[in-house]
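All letters in the sequence shown, in the order written, are residues 184 to 333 by my numbering.
It is worth saying that the hints were derived from the structure and are not from the lab.
Take the hints with a grain of salt, since some may be wrong.
Okay, the calculated beta carbon distance ranges per label pair [as the list claims (entries may be wrong)]: (1) G322 to Q280: 42 to 50 Å; (2) H278 to T318: 18 to 26 Å; (3) L296 to G221: 26 to 34 Å; (4) W281 to D326: 21 to 29 Å; (5) L289 to R219: 21 to 29 Å; (6) V328 to V276: 38 to 46 Å; (7) G308 to W268: 24 to 32 Å; (8) V276 to A207: 18 to 26 Å.
Heads up, the beta-carbon is just placed ideally off N, CA and C, and yes, glycines get one too.
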Amino acid sequence: YSRMSWTLTAISAVGFVTVAVYAAVATLGWRHSDLRCGPEITVLHIAVGISALAYSIQLGFDSVAAQALWWKISFAASTAVPVLWLIFVAQYVSHSQWVTPGRVGLLAVEPLLVAFAVATNGSHGLVWAIPPGATAVAGSGLDAVLGPLY
Numbered sequence: 184y185s186r187m188s189w190t191l192t193a194i195s196a197v198g199f200v201t202v203a204v205y206a207a208v209a210t211l212g213w214r215h216s217d218l219r220c221g222p223e224i225t226v227l228h229i230a231v232g233i234s235a236l237a238y239s240i241q242l243g244f245d246s247v248a249a250q251a252l253w254w255k256i257s258f259a260a261s262t263a264v265p266v267l268w269l270i271f272v273a274q275y276v277s278h279s280q281w282v283t284p285g286r287v288g289l290l291a292v293e294p295l296l297v298a299f300a301v302a303t304n305g306s307h308g309l310v311w312a313i314p315p316g317a318t319a320v321a322g323s324g325l326d327a328v329l330g331p332l333y
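Let the sequences and hints guide you as you build the complete structure.
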C-alpha cells in the first residue's frame with residue numbers, strides 16, 4: 184500500500200516563497216530583455232525556479248514513488264543551471280563573442296545526457312538508487328544511494 188497524499192510542510196512553504204523570488208527575477212529579466220543579460224538572467228532563473236518548485240512539491244509527499252518522480256524533475260531541471268550560469272557570466276563580463284551557437288550546443292550535450300540518464304534511471308540506476316524498504320516522510324527528502332553519474 185502506497186500513500187500519495189501531499190501536505191504543505193514548512194520546508195515546502197519556504198521553497199514556494201523562494202520560487203516566487205525566482206519568478207520575480209525572471210519576470211524582471213523578461214521585461215528588460217532588451218538590456219544586457221536580460222534574456223540570460225530570465226532563462227537561468229526559470230531553470231532554477233523549475234528545479235526549486237519540483238523540489239518543494241517533492242518535500243510535501245509521503246510516498247517514495249511520488250518523491251522520486253518530483254526529484255527526477257528537480258534534478259533534470261538543475262542540470263542546465265551550470266551552462267546557463269556560464270552563458271550569463273560570459274554576457275555579463277562582455278565576452279558575448281564567446282557565446283556562439285556551436286559552443287552553446289556543445290555545452291548543452293552534458294546536461295541533455297544527464298537529463299536523459301535521470302529520465303531512464305529506473306532501468307540502470309547510474310544516477311541514484313533507492314534502497315529496498317526506503318520510506319518517505321513529508322518534509323524530508325529521500326535517502327537515496329547516489330550513483331556514478333550523480
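Each hint, compared with the structure:
G322 and Q280 have their C-beta atoms about 47 Å apart, which keeps the hinted 42 to 50 Å range intact. Separated by about 49 Å at the C-beta atoms, H278 and T318 break the suggested range of 18 to 26 Å. Between L296 and G221 the Cβ separation comes to about 29 Å, which falls inside the hinted range of 26 to 34 Å. Take W281 and D326: their Cβ atoms lie about 41 Å apart, and the range 21 to 29 Å is violated.
About 24 Å separates the C-beta atoms of L289 and R219, a value consistent with the hinted range of 21 to 29 Å. Distance hint for V328 and V276: a CB-CB separation of about 39 Å, consistent with the stated range 38 to 46 Å. Checking the proposed 24 to 32 Å range against G308 and W268 shows it holds: the Cβ atoms sit about 29 Å from each other. For the pair V276 and A207, the beta carbons lie near 24 Å from each other, so the given range of 18 to 26 Å is met.
Checked against the numbered hints given earlier, this structure breaks hints 2, 4; the rest are met.
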